[in-house]
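*Asks:* Everything in the sequence shown is counted per the numbering used here, starting at 27 for the first residue and increasing by one.
The hints are simulated quantities; they were obtained by calculation from the structure and are not laboratory data. Owing to the predicted nature of the structure, the values given are computational and were not obtained by experimental measurement. Among the hints, a few may not be true.
[Unchecked claim] Okay, the calculated beta carbon distance ranges per label pair: (1) N236 - L48: 19 to 29 Å; (2) K154 - N211: 36 to 46 Å; (3) I60 - N157: 19 to 29 Å; (4) E240 - L48: 17 to 27 Å; (5) N197 - K58: 53 to 63 Å; (6) L228 - E156: 25 to 35 Å.
We put the beta carbon where it would ideally sit given N, CA and C, even for glycine.
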Amino acid sequence: MATVSNAMWNLESFIDSLVVELDKARETLAIKAINKPLTYTVKDVGLDLHLFPTYNGDEVKFITAQPGQSGASRLSIQLGSITDQQIRQTTREPVSKDAITIDKIDVDNETRKSLRKMGVTSVNDLEKLENKNVDIANVSNNKISYKNLADIIKKSKRHSTPPSVGKVSLNMSGAKPIIIVDGNNLHLDAGFEPVAVVNNKLVHVLTSDNRKLEIEVGPDTLKKGKNELVMTLDPFAIFKIDINQQDNEREQRKTF
């Protein structure tokens, strides 16, 4: 018998752990197939092992049986070849360097493990499930709240494309002054209307997109000298900018 005590486990958890490990192996093969048209998988060359399997609730581990030990399980492994075409047919593209993996988002380990068991390794995978209207809470036995997960995803994506202001100018030709903010990654969330406040007064955002915001200001809102503009571009991007009305100089004070 094995000299270490084994932990109790159920079949469903065992299969989940095994599938996750096999998924990792397939992802590794997908990367190798980029440079090596021919690699190897489990198929033709036989190898018999006598082992004592142990399971701690998350991982399956094996202890090699010593000579004379009884009760060990027999594990037969066969090695053979697999082509790059077969890998492409059964495995998705490797995660790109620009992709946001679930290891980079702010979730607890239990949620991360549950996502991996469902085959989710990146934010793109989660978005595909959302587009197909998959009930993640039901699939995960209510271990995952998609609403909370969606907010975390949006926050992670926003931090990967932070807003920046290049120029702030003031147009005085119309009935009311218009502040024009030029930059990058300004308004990205189509489901959220930007909000602007000048000197603690709510003002009207006329137009907004990725590169520019036009903000209409009441004639009594601006004052000579320094003015404070606060823009909420989305729930995860807030700008505070000091604007000097006299020469249109601006000082960016805080992002996020």
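*Asks:* Does each hint hold? Answer for all of them.
*Replies:* Okay, the hints, checked on the actual structure:
| no. | hint | result |
| --- | --- | --- |
| 1 | N236 - L48: 19 to 29 Å | 41 Å, violated |
| 2 | K154 - N211: 36 to 46 Å | 24 Å, violated |
| 3 | I60 - N157: 19 to 29 Å | 27 Å, holds |
| 4 | E240 - L48: 17 to 27 Å | 54 Å, violated |
| 5 | N197 - K58: 53 to 63 Å | 58 Å, holds |
| 6 | L228 - E156: 25 to 35 Å | 33 Å, holds |
Checked against the numbered hints given earlier, this structure breaks hints 1, 2, 4; the rest are met.
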